[in-house]
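**Student:** Residue-level listing of the chains:
Number of protein chains: 2
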Amino acid sequence: MNLILLTDNDFISASQVRLNDRRAEHIRTVHRADAGEVLLVGLIGGKIGYGTVEEINETSVSLAVTLEREPPKPLDLKLFLALPRPKYLARCLQTATSLGVKQIYLMNSYRVEKMYWSCAQLAPAEINRACLLGLEQARDTVLPTVHMKRLFKPFVEDELPALIAGTTAVLAHPSAPTPCPFSLQGETSLAIGPEGGFIDYEVQKLKEIGFQAVHTFERILKVETALASLIGRLK
Amino acid sequence: MNLILLTDNDFISASQVRLNDRRAEHIRTVHRADAGEVLLVGLIGGKIGYGTVEEINETSVSLAVTLEREPPKPLDLKLFLALPRPKYLARCLQTATSLGVKQIYLMNSYRVEKMYWSCAQLAPAEINRACLLGLEQARDTVLPTVHMKRLFKPFVEDELPALIAGTTAVLAHPSAPTPCPFSLQGETSLAIGPEGGFIDYEVQKLKEIGFQAVHTFERILKVETALASLIGRLK
Numbered sequence: 013m014n015l016i017l018l019t020d021n022d023f024i025s026a027s028q029v030r031l032n033d034r035r036a037e038h039i040r041t042v043h044r045a046d047a048g049e050v051l052l053v054g055l056i057g058g059k060i061g062y063g064t065v066e067e068i069n070e071t072s073v074s075l076a077v078t079l080e081r082e083p084p085k086p087l088d089l090k091l092f093l094a095l096p097r098p099k100y101l102a103r104c105l106q107t108a109t110s111l112g113v114k115q116i117y118l119m120n121s122y123r124v125e126k127m128y129w130s131c132a133q134l135a136p137a138e139i140n141r142a143c144l145l146g147l148e149q150a151r152d153t154v155l156p157t158v159h160m161k162r163l164f165k166p167f168v169e170d171e172l173p174a175l176i177a178g179t180t181a182v183l184a185h186p187s188a189p190t191p192c193p194f195s196l197q198g199e200t201s202l203a204i205g206p207e208g209g210f211i212d213y214e215v216q217k218l219k220e221i222g223f224q225a226v227h228t229f230e231r232i233l234k235v236e237t238a239l240a241s242l243i244g245r246l247k
Numbered sequence: 013m014n015l016i017l018l019t020d021n022d023f024i025s026a027s028q029v030r031l032n033d034r035r036a037e038h039i040r041t042v043h044r045a046d047a048g049e050v051l052l053v054g055l056i057g058g059k060i061g062y063g064t065v066e067e068i069n070e071t072s073v074s075l076a077v078t079l080e081r082e083p084p085k086p087l088d089l090k091l092f093l094a095l096p097r098p099k100y101l102a103r104c105l106q107t108a109t110s111l112g113v114k115q116i117y118l119m120n121s122y123r124v125e126k127m128y129w130s131c132a133q134l135a136p137a138e139i140n141r142a143c144l145l146g147l148e149q150a151r152d153t154v155l156p157t158v159h160m161k162r163l164f165k166p167f168v169e170d171e172l173p174a175l176i177a178g179t180t181a182v183l184a185h186p187s188a189p190t191p192c193p194f195s196l197q198g199e200t201s202l203a204i205g206p207e208g209g210f211i212d213y214e215v216q217k218l219k220e221i222g223f224q225a226v227h228t229f230e231r232i233l234k235v236e237t238a239l240a241s242l243i244g245r246l247k
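Chains as they are written, first to last, in this note's numbering: chain A, 13 to 247; chain B, 13 to 247.
Rather than coming from a laboratory, the hints here were simulated on the basis of the structure. Since we're looking at a predicted model, the values are computed, not measured. Worth double-checking, as some hints may not be accurate.
Because identical chains share one entry, a pair is satisfied inside a single copy or across any pair of copies.
As the list claims (entries may be wrong) - No farther apart than 30 Å at their CA atoms in a straight line, the calculated lysine-lysine pairs in the DSS-like style are these:
1. K126 with K85
2. K99 with K161
3. K85 with K247
4. K126 with K114
Using the sequences and the accompanying hints, generate a full structural model.
**Tutor:** Structure follows, in structure tokens:
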């Protein structure tokens, strides 16, 4: 927790918050803060600043809060990710969020198992939790929007063309002959397939609407490793 | 487990192995293989090929093995990593191994807590296990060599100059003004500091022997995310 994230509900006056959940626990046991200690805080969706510990006890922590600067710039990259295996989903969301991605589209593919779409990890509260961990890690306050697109064809045909308009759209695909570019300027769209990759039909559909299929790794990487590596390379 | 890794000890004849540990369990419960099924196998330190299931029962799996092709090319990058917090160590090793790094130096820094050097996760068996997971992930057979350098100054003064000779040596440092380069050709050395970064003295020492300090992210990333992102960018 490199940043203590606050919500409007935490405020007990215009410039004071009281915390009594895992954040209070963290301030007590990890920061081991005493009254007077100054901690980095941020308002979700808002500014970053400082919180001075006013009172700390077994059940709650009160902070006097000054919010003064903007959060880091968002990454100018939209992520289109074939829905990962449930046990990897939270880590992927956390990684993408920590890298500054603000638009995440979880999409279907032939190789995404149907049952993944009904997994507990897709509940809004779970997604929110994973994204908050990413913000806390990266000292950011702006949550990404996570969209679910359960039908490949209607999404790719009817929605995706408008979403990628004006962006450089790149599809990471193991068997593509073109190497992945480095350091793209301007808005970028990045599509990453499921384990085993998008099938030929899907690659074809994505190419038709403007994605360039690019080759990346000889190796098979975890989705979150591939994600971080591709974003590091592209932006 | 995208590749079943074999050791010389698994062979019961020139071209047959018998497995009875987690690999057999994996073949039974994840592959759900029957006799005749063909699985991807690789000999640790050697070639990759196919294993045909000859017999499978509750306690063991026998495979007829043909090894035929070389593992993927190693990444031409040496990694110098300030010893991470024990709970992140295995993931860092696994990630670096899956990306093809073959020389990993875990080094000291002022901000590495002393007790990290005596953690259970640094036991050779634990390090080996993490690296094997990375190989299985990436379908590689060649284990990295993991070196431990508990003393910053003697390592940097007496050993590091020879290790980075002839390579482009890059130090990822949050406050460096120079941006991190993209797509380096030839042998590369990458140094990554601890949480909070190398201290000024350490940065100075690394610069003196030829490291270029480069700025990377505005955001604070997990070591394994930073690692993947930097390697994706550099190579």
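**Student:** Look at each hint and say if it fits the structure.
**Tutor:** Results of checking the hints against the structure:
Taking the shortest alpha-carbon separations for K126 and K85, neither the intra-copy value of 36 Å nor the inter-copy value of 36 Å comes in at or below 30 Å. Taking the shortest Cα distances, K99 and K161 sit within 30 Å of each other inside one copy (19 Å), while across copies they are farther apart (35 Å). Taking the shortest Cα distances, K85 and K247 sit within 30 Å of each other both inside one copy (13 Å) and across copies (26 Å). Taking the shortest alpha-carbon separations for K126 and K114, only the intra-copy value of 26 Å comes in at or below 30 Å, while the best inter-copy value is 38 Å.
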